[in-house]
Amino acid sequence: MTTLEEVRQRVESDAKSNGYYLNPDPEVLRHLLEGLRKNEERYDYPSCPCRLAFESFELDRDIICPCDYRDPDVDEYGSCYCSLFVSKDVFEGKIPLKPIPERRPNEKQIGPHIKSAKAFTKTTAVKATASIRKSSERGMKLFYCRQCGYVCFREEPPYLCPICKAKRELFAEVTIS
Amino acid sequence: MQTITVPGKNSKHRVLLYALSTCIWCKRVKSFLRENGIEYDFFDVDLHGEKEREEVTADILRRGGRLSYPTIIIDGEMLITGFKEDKLREVLEI
Ligand code: SF4
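Line order of the protein sequences matches chains D and H.
Each residue of the first sequence is one higher than the last, beginning at 100 in the working numbering.
Each residue of the second sequence is one higher than the last, beginning at 484 in the working numbering.
One or more of the hints may lead you astray.
Ranges of calculated distance between the beta carbons of each label pair, as one might list FRET restraints [said to hold, decoys possible]:
1. GLU533/H with ARG160/D: 29 to 37 Å
2. GLU140/D with MET561/H: 20 to 28 Å
3. ILE577/H with PRO200/D: 19 to 27 Å
4. ARG267/D with LYS492/H: 34 to 42 Å
5. GLU133/D with GLY532/H: 44 to 52 Å
6. ARG497/H with PRO200/D: 41 to 49 Å
7. GLN485/H with GLU133/D: 23 to 31 Å
8. ARG253/D with ASP558/H: 21 to 29 Å
9. ASP188/D with SER514/H: 23 to 31 Å
10. MET561/H with PRO200/D: 14 to 22 Å
11. LYS266/D with ARG546/H: 47 to 55 Å
Partial chain D-side listing against chain H, Cβ under 8 Å, derived [to be verified]:
12. VAL127
13. ASN138
14. SER182
15. SER186
16. LYS187
17. ILE209
18. MET239
19. LEU241
20. PRO256
None of these hints come from the bench; they were simulated from the model.
Ideal placement from N, C-alpha and C gives every residue a C-beta, glycine not left out.
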């Protein structure tokens, strides 16, 4: 079982290597680390404490901490959605820490929990299921960062390159002929 | 769906909070309501099964909300997504 201390160390070292800081409020930080620990315990992976997991690795992959949305969120707002990772300015109190909008698309949040919601969101539901089905049929692709050469294997390129912070537009698909 | 009622001296408005037990902003909403003596009902969606999750999903979507937490429904008509302190103060008249 992962301990709170292990979660803390993992998150601290991730923040350090990416030039981020952790939430300056010890109470808030403890609550978030505890949330990550709890999620790892119940789902087997540390999914985001502030988002509802589907308990399916495939559907939750983009919200496993650090989530796909962290880098663009810290870049734009100075904090990730949960406020676990913050920028230097936020950490030093130069910019106030505020709730930020959810960047994860609503379709991903709806996922398979849709049966009873069908009547109200028929088109969204159909689209969401279709896109999930399509992605697993289509499988994943290889993308590389044209700036630093970082390669990843996923459905779509990341918002920001985790290595050199190049924007998504700088990614290209690797085609093997 | 079995919600939990947190009593408060101000029960002028009916407040229903859909939350996650691990979410920091949900926790902030809970403390905000408590500190202001607002009576509210809450439901921690992550602690419940498929059936209840679907009920919550349906309820939020039917009201035109975005599916994220915290979602606060006031008097069964006004839906607020996220911890928006100013908005809450305005609607709850505090
Ligand atoms: S929002 Fe923050 S805490 Fe939540 S998964 Fe993303 S990086 Fe981790």
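The hints, checked one at a time:
1. The beta-carbon spacing between GLU533/H and ARG160/D, approximately 20 Å, falls outside the hinted interval of 29 to 37 Å.
2. The supplied range of 20 to 28 Å is broken by GLU140/D and MET561/H, whose beta-carbon atoms lie about 36 Å from each other.
3. Between ILE577/H and PRO200/D the C-beta distance comes to about 24 Å, which sits within the given range of 19 to 27 Å.
4. Between ARG267/D and LYS492/H the beta carbon distance is about 51 Å. The supplied range of 34 to 42 Å is therefore violated.
5. Between GLU133/D and GLY532/H, the C-beta spacing of about 23 Å breaks the proposed range 44 to 52 Å.
6. Taken as a hint, the range 41 to 49 Å is violated for the pair ARG497/H and PRO200/D, whose Cβ atoms sit roughly 27 Å apart.
7. Range check, GLN485/H to GLU133/D: Cβ separation about 24 Å, and the 23 to 31 Å hint holds.
8. Checked against the hint of 21 to 29 Å, the pair ARG253/D and ASP558/H fails, with Cβ atoms roughly 43 Å apart.
9. At roughly 26 Å, the beta-carbon separation of ASP188/D and SER514/H lies within the given 23 to 31 Å, and the hint holds.
10. A C-beta distance of roughly 19 Å is found between MET561/H and PRO200/D, which places it inside the suggested range of 14 to 22 Å.
11. Taking the beta carbon of each, LYS266/D and ARG546/H are about 36 Å apart, not inside 47 to 55 Å as hinted.
12. Among the interface hints, the one on VAL127/D holds; its C-beta lies about 6 Å from the nearest C-beta in chain H, closer than the 8 Å criterion.
13. Of the supplied interface hints, the one on ASN138/D holds, with its beta-carbon coming within about 7 Å of a beta-carbon of chain H, less than 8 Å.
14. For SER182/D, the interface hint holds, since its Cβ comes within 8 Å of a Cβ in chain H; the closest pair sits about 6 Å apart.
15. Because the beta carbon of SER186/D sits about 17 Å from the nearest beta carbon in chain H, more than 8 Å, this interface hint is broken.
16. Because the closest C-beta pair between LYS187/D and chain H is about 21 Å apart, greater than 8 Å, the hint is violated.
17. For ILE209/D, the interface hint holds, since its Cβ comes within 8 Å of a Cβ in chain H; the closest pair sits about 6 Å apart.
18. Among the interface hints, the one on MET239/D is violated; its C-beta lies about 25 Å from the nearest C-beta in chain H, farther than the 8 Å criterion.
19. For LEU241/D, the interface hint is violated, the least distance from its beta-carbon to any beta-carbon of chain H being 31 Å, above 8 Å.
20. Taken as an interface hint, PRO256/D does not check out: its beta carbon lies about 24 Å from the nearest beta carbon of chain H, beyond 8 Å.
Figure legend: structure checked against the earlier numbered hints; hints not met, in rising order: 1, 2, 4, 5, 6, 8, 11, 15, 16, 18, 19, 20.
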